[in-house]
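S.K.: Spelled out, the chains give:
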Amino acid sequence: MELSLIPQALVSGVLAAGLYALVAVGLALAIGVIGIVNFAHGEFFMVGAFLAYQLFVSFGFDPLLSILIVAPALFVIGALIYQSSIRFVLKAPELNQMLLTFGIGIILQNLALVIWGGDPRTISNVPYRSIGYELMGINIGVVPLGSFVISVLLVGGLYWMLARTRVGRAMRAVAQNRTGAGLVGLEVDRVYLVAFALSALLAGIGGVMIAVIQSPTPTVGFAFTLKAFAIVVLAGLGNIRGIVGAALVVAIAESLVATLVPDGDALRNAVFFAIIFIALVYRSRRTA
Amino acid sequence: MSARGSVPKVEAADVTPRRRAGLSRDLIFTLIFAGLLLFAPTLLRALFGQASVSYLSLGIRAVALAVLALSWDLVARTGQLSLAHAAFYGAGAYTTAILLKNFDAPLWLGLPLGGIVAGVLALGLGAVTLRLYGIYFAIATLAFTEVVKAVVQELPTAIAGGTAGVNVAPLFRPTFVPGEMERWEIAFLRNQNYFYLYAGLLVVAILVSVLVQRSRLRSAFTAIRTNEFVASVMGVNPARNKLLGFVISSAIVGVLGALEAHRLGSVIPEGAFAVHTTVLALVTPIFGGLYTTIGPLLAAGFLSGIEETLKRSLAEGYLIVYGAVLVISILFMPRGLVGLFDRVTNRRRREGEERP
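Note that the protein sequences, when read in sequence, are chains D and X. Residue 241 in our numbering sits at position 241 of the first sequence, and the numbers go up by one each step. Residue 1207 in our numbering sits at position 207 of the second sequence, and the numbers go up by one each step.
Next comes chain D alone, as it looks inside the complex (with noise of 0.2 Å):
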C-alpha cells in the first residue's frame, strides 16, 4: 500500500469518470426515455473507437477532427437499428428487447474483428498523446483532461438540452407517460428514434476518445457496456440525473483498486460487479 499515491489516482479516477459519464448517460437515456436495455450500447462506443481509427489510418484526420465525422455517423447508425429492429420490439416482452439488443451487440463486436481484426490498434504519431504536466506531484496527460473536458461539455450539454430545448422537454414527457405525450400531439416514435440515436452518438464521441487514450481492440465495447451497466446501475435504471455523480463513484473506485491493490489490474472489473451487487441488495432491501 503506497498512500502517496492516492491523490494521483483520485485525480485518474475524476478525469476517468468524464468519459464514463459519458457513455453511461446515452445507455441512460435509451433506459429512461425508451425503456429498452441497450446491451449493444458498448459497441456503439466501439464502432466509434475503430471508426476514428480508420480515418487516421487512411486519411491522417486528427482524432480531435474525426468527432465531427464520427458523430453524425453513429447517430445515423443509431437510427438505423432503431428503424429496422428496435422500433418493432417496443411492446415485447422485456426478455425479447434484452435479446435483440444483446444480438445486435454480437453483431456489431464480431463484424469489427471480421474487418479490423483482434490486435489491438494503436493512434499513434498524434502530437499531443504524450503530453502532461505536472502539478504538485501529480501527472495529468493532456489527452485524459482533453477527454474529460468534451465529456463534461457533452453531458452538460445533453443536461441543458433535456432541460431547456422543445426536444428534451418532448424526451422527457414521453419518459414520464407515454400514453399522455402522444395524447398531447407530441409523435412518440420520432422522440424515441432521435433518443435512440442521440445514445449512440454519445457512446461513439466517447470511443473517438478511447482510441486515443487506450489501443483498442473489438472487445473494448463489452467492457464499457458493463462499466456502463455498473453505472446505471448505481443511480438507478432510467436516472439521467444521478449518472454523473455515480460516474465518479466507479471511476474513483476502479482507479484507486488498480492503484493500491498489488496487481490490481484483473481485479478492475470485480469492481464493476461489486458496485453492481451492493447497487442490487441496496435496491432489494429497499423496495422489500
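Hint data in this document are derived by calculation from the structure and do not stem from the laboratory. There could be a bad hint or two in this list.
What the hints assert, rightly or not - Computed list of chain D residues with no C-beta within reach of chain X, every gap over 12 Å:
| id | residue |
| --- | --- |
| 1 | S58 |
| 2 | F61 |
| 3 | D189 |
Said to hold, decoys possible - Incomplete in silico selection of chain X near chain D, CB under 7 Å:
| id | residue |
| --- | --- |
| 4 | V1053 |
| 5 | E1146 |
| 6 | V1236 |
| 7 | V1327 |
Glycine residues also receive a C-beta, built at the ideal position from the N, C-alpha and C atoms.
With the hints as your guide, set chain X onto chain D.
M.R.: Here is chain X on its own, set in the frame of chain D:
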C-alpha cells in the same frame, strides 16, 4: 412483468390426464433418441471408415451445444435472461482442472464435483439476484461472469495456473495394439468414449427438460414468466421456482464444462469463461423454439453444422452468424423453428378441412 402494463397472456392450465399421456410419449421418444445416440458411432464407422473420426467430433460438439441450449432454456422458462452460462461452464472446467492439479483425486471425480460447484455458485448468485426485477438479474449475471474470470486469474499460479491456464488429463487413453487395429482407430475409440459421455449428459438434460414440461413445474414456470405478481398471488413462489430452474441448469452446464476440459486437454480463463459460451447457450434455444425440448435439439444440430462450415473461412468473428440468427429469430420468428413448423402443419390442417 412488463413495465408498460400490457395485458399478460396466461396459457391455459394443463389438464392432468393429457399431461400424463404426453409424458409417456416424450419418454418413449427420449428412449428412441438415446438408442440412436448409442448406435451412432458404430453406424458412422461402418459408413465412413476413417472419416468417421471427424464426424464423431462434430457430433460431440453438436451434443455439447444441445446440452447448453436445453439448460439455458430451463432458466428462460421462468422468464429470466441468464448471461452467466459461461461462468458456470468455466467453473465446472476449472473445478476438475484444479482438483487434478493440486490433489491426488480420481480422474472422474471432477465431473460430478464440477456440477456441484457450478450449482452452488448459481445458488449463491440466484439467491441474491433472482428476487429482483428481471433486468437487474440479466445485468448481474453478465457482470458475475467477468468477476469469476478475474478471480480465477488472480488465484495463485501454483493452484490455478493464472492466465496461462492448466493442463487437464484426458479421461480416455486407448492403447494401440499393433497388427489388430489401425492408427486412426485410437482416435476413433477416444472420440467414441467421449461421445457416449456427452450423449449421456444430453439424455439427462432432455429428461430434465421433459419432466419440467410435463409436471406442475411447467405451470409454475409459465405463470412466473407471464406475470410474476399474479403467480405469487396464486400461491406460486417466484423466487424459489426461479432459483430451482437456475441451479439445475447451471449444474448441468458445470458438468459439461468439466467434460470439455478433459476432452480439450487444457483450460485457460479467456477460453473457459468466454462470452462465446453464453452466446451459444442462448441463441440455440431461441432459434429452435423457446420453452420446448425439441427446438433446442433441432437448432443445435443445425447451428453446429453451420458453425463448422463457417469456421473454415473465418478465423475470427464467425459468431456474427449467431448474432444474426438471434436478431432474425426475435424479429421474425419469436417461436423459432418449432413455431415455423407449427405454422406449416396448421395451414395444411386447415386446407385439409376445406377440402373434405
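S.K.: Please verify that the nearest CB of chain X lies beyond 12 Å from F61 (chain D)'s CB.
M.R.: Non-interface label on F61 (chain D) holds, nearest chain X Cβ at 26 Å vs cutoff 12 Å.
S.K.: Please check whether V1327 (chain X) passes as an interface residue: C-beta within 7 Å of a C-beta belonging to chain D.
M.R.: 4 Å, holds
S.K.: Does S58 (chain D) clear chain X by more than 12 Å, comparing its Cβ with all Cβ atoms of that chain?
M.R.: 21 Å, holds
S.K.: The hint names E1146 (chain X) as touching chain D; please verify it with the least Cβ-Cβ distance against 7 Å.
M.R.: OK, holds: E1146 (chain X) within 7 Å of chain D, min 4 Å.
S.K.: Would you say D189 (chain D) is clear of chain X, with no C-beta pair closer than or equal to 12 Å?
M.R.: The claim stands: D189 (chain D) keeps its Cβ more than 12 Å from every Cβ of chain X (closest is about 14 Å).
S.K.: Take the shortest C-beta to C-beta distance between V1053 (chain X) and chain D; is it under 7 Å?
M.R.: The hint is violated - V1053 (chain X) has no Cβ within 7 Å of chain D, the shortest such distance being about 30 Å.
S.K.: Identify whether the interface hint at V1236 (chain X) stands, where standing means a beta carbon of chain D within less than 7 Å of its own.
M.R.: 18 Å, violated
Checked against the numbered hints above, the structure violates hints 4 and 6; every other hint is satisfied.
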